[in-house]
Amino acid sequence: MKRSEILDELKGMLAEFGDVDPELVDEQTAFVADLGLDSLVLVRLTVVAEERFGVRVPDEVAWELHTVGSVVSYVEEALSGRLGAGGE
Amino acid sequence: MSELVRFLREKAWILGDTRWYARVDSVRGELVEVERLGYAQLDARARAVGAWLADRTPPGARVMLMYPAGLEFLAVFLGCLYSGRVAVPAPLPDTDRRALARAAGIIRDAEVGLVLSDAAHQPALAAWLAGLDPAPPAGCLATDGAGLPDPGTWSPAALELSATAYVQYTSGSTSEPRGVVITHGNLLHNLLSIRELLTPAPVLDELRLDPSPTGAGWLPHYHDMGLVGMLLSPLASYGNLVFCSPVSFVAHPDLWLRMISGYRAFYTFAPNFGYDWLLRSLKNTRLTDLDPDLDLDCLRFALNGAEPVRAEVLNAVARRLAPVGFGPDIWAPCYGLAEATLMVTGTPCGAGPTVGRFDRGALEAGQAVPAPDGVDLVGCGRPVGADVRIVDPDTAYPLKEGHIGEIWVSGDSVADGYLGDPQATTGQFAAMTADGEGPFLRTGDLGFFQDGELFVTGRAKDLIIANGRNIHPQDIERVGESADPATGPCAAFTLPDASGHEHIVLVQEVRPLHLDGRTPAALADLIRRRLAQELRLAVQVVVVGPMSVPRTTSGKIQRSRTRDELRASRLGALHCDLPPGLVTGSRAGG
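Listed in order, the protein sequences are those of chains A and B.
Quick note, the first sequence lines up with residues 1 to 88 if you use full-length UniProt numbering.
Quick note, the second sequence lines up with residues 1 to 590 if you use full-length UniProt numbering.
In short, the hints are calculated from the structure, not lab data.
Sample of chain B residues lacking proximity to chain A, with all beta carbon distances greater than 12 Å (derived):
hint	residue
1	287
2	423
3	433
4	495
5	540
What follows is a set of in silico ranges between Cβ atoms, one per label pair, in the way DEER data are often shown:
hint	chain 1	residue 1	chain 2	residue 2	range
6	B	146	A	61	26 to 36 Å
7	A	77	B	210	51 to 61 Å
8	B	322	A	48	26 to 36 Å
9	B	375	A	4	45 to 55 Å
10	A	23	B	315	27 to 37 Å
Quick reminder that beta carbons are idealized off the backbone N, C-alpha and C, glycines included.
Given the sequences, and given the hints that come with them, work out the whole structure.
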């Protein structure tokens, strides 16, 4: 999955669960400081992102992912790491 | 064996595995049952845990339970009851990183000797315990991996009903976590009170051909409503339970509806925010798109408690779910608190909710006067196995119907007190009325009775008194939150100036995305005008960034902490109506 694809998927989730206009989102956007998302929306986003991207986001990692870009980077690394480990 | 343990175990003897507990989860959008235990299986597991604990801990030892949502927690909790060990439920740090710091405080406060968890969480918890400074004597063991002894080796502990059953830590609205000591007698009494509400005589009569009401829920087991109301009351009421973890519900709110529909649930339960979250998440989804067979016709009792019950949420949920069979008369608002085990007042199954409309000005003056154009308040039902009084908090004189005062409670569900805090226990659990009745539990909540039904209007310690008017901060906050798309959660309270004059302050979080180029000062101006129009109140507005208003672990805003943070200039205000001298309070003097 390419970085831009991950970003688009994430923007889609933000629109679906947080009513956020995708036009207003870039990699620098912070979930709480800029978008003002509440904790229920954040928990929902984390779980659904794990399911859709097929990656595990441990709680202590999730707490540190404040911006859209940091999530994109984490998913990108997790996906490439898993493919490498799987020997495909 | 205590009477409580006999009461719970007799259900397993009578019903065997014909009644059950099942946990479900959402897997690729489908409801999947992930575990299930019948009553007899659960009882066997609890006896095995009881025997295991008896080998490892002294009688009465406090054992902290840090489990994910699931049946292992329930079996271990029952095992503690069976063996006379005192369970101390606490959350895992899954959605809240402060959970571990809080758990460390509880271990010290309750002198916990052993922490139990499952094999998946045990290594991390053991490492965390070893790294605490000072390191507590408690170690962490997993109960699901190691072979437990044969259930037959368990021998019943001789316990009176006055023995401690568990310690329920509460987040409270303003204070630090406090452990409420719940006895075997408290729990037994409250479970019987809940059963009376859920299955009153006419309902029992109707259920006689299928006497196993199924409950459906998702509440956390470390809160009183999740522990007593969700996990333990089915056993007491000959019922079944289907449940999912709180995180599964938050991530997949429709799972709640699928549980009710798929398992033909008779009752469900949640605080106001749960119903509100369900509503928010459904948005414009067509219910039949979720599941063409979705049918809530089976649901007869939807308990709503633990938070103020909002009339607009009851109406909106009932309207939204009406096409799939949700009737407005299944709402069962109730009132309770951990200090009284759980339930104090409630609406019996079949009765339907009472919504009253009251004059706002009269409410502020401490009177409930019905008015057709007033504010909607939802009644929380009648006392269930409790003696409830409305008392003037200053004079301790009992008040008549229609007068607002502090809610005082006595009865067998009222707890022994706060663990290791005799001063707070005396202050809150041993109140006497001015005419010599008592002791009563002072709840700190305000309300009134009308036609025998309790209406809760707010918390005494947060009450704002301005120019002779009593104003509940929730009323100001509701206006602030709904003033503009850019306004989020907020906290209202009073702040005295050097002359002792009280100013009303609203600390208002802003959603920067919705500011559309306006300044925080312009937003503050808008809120001030709105408050002036709707409540005729002059309020000083402080605008802060998202998530800046302090909250409890369960997400309730903390007014007094917000006030303290404001005075210490720690809120990082984006805009402040207040002059600097007022913010720093009396200690600056200029």
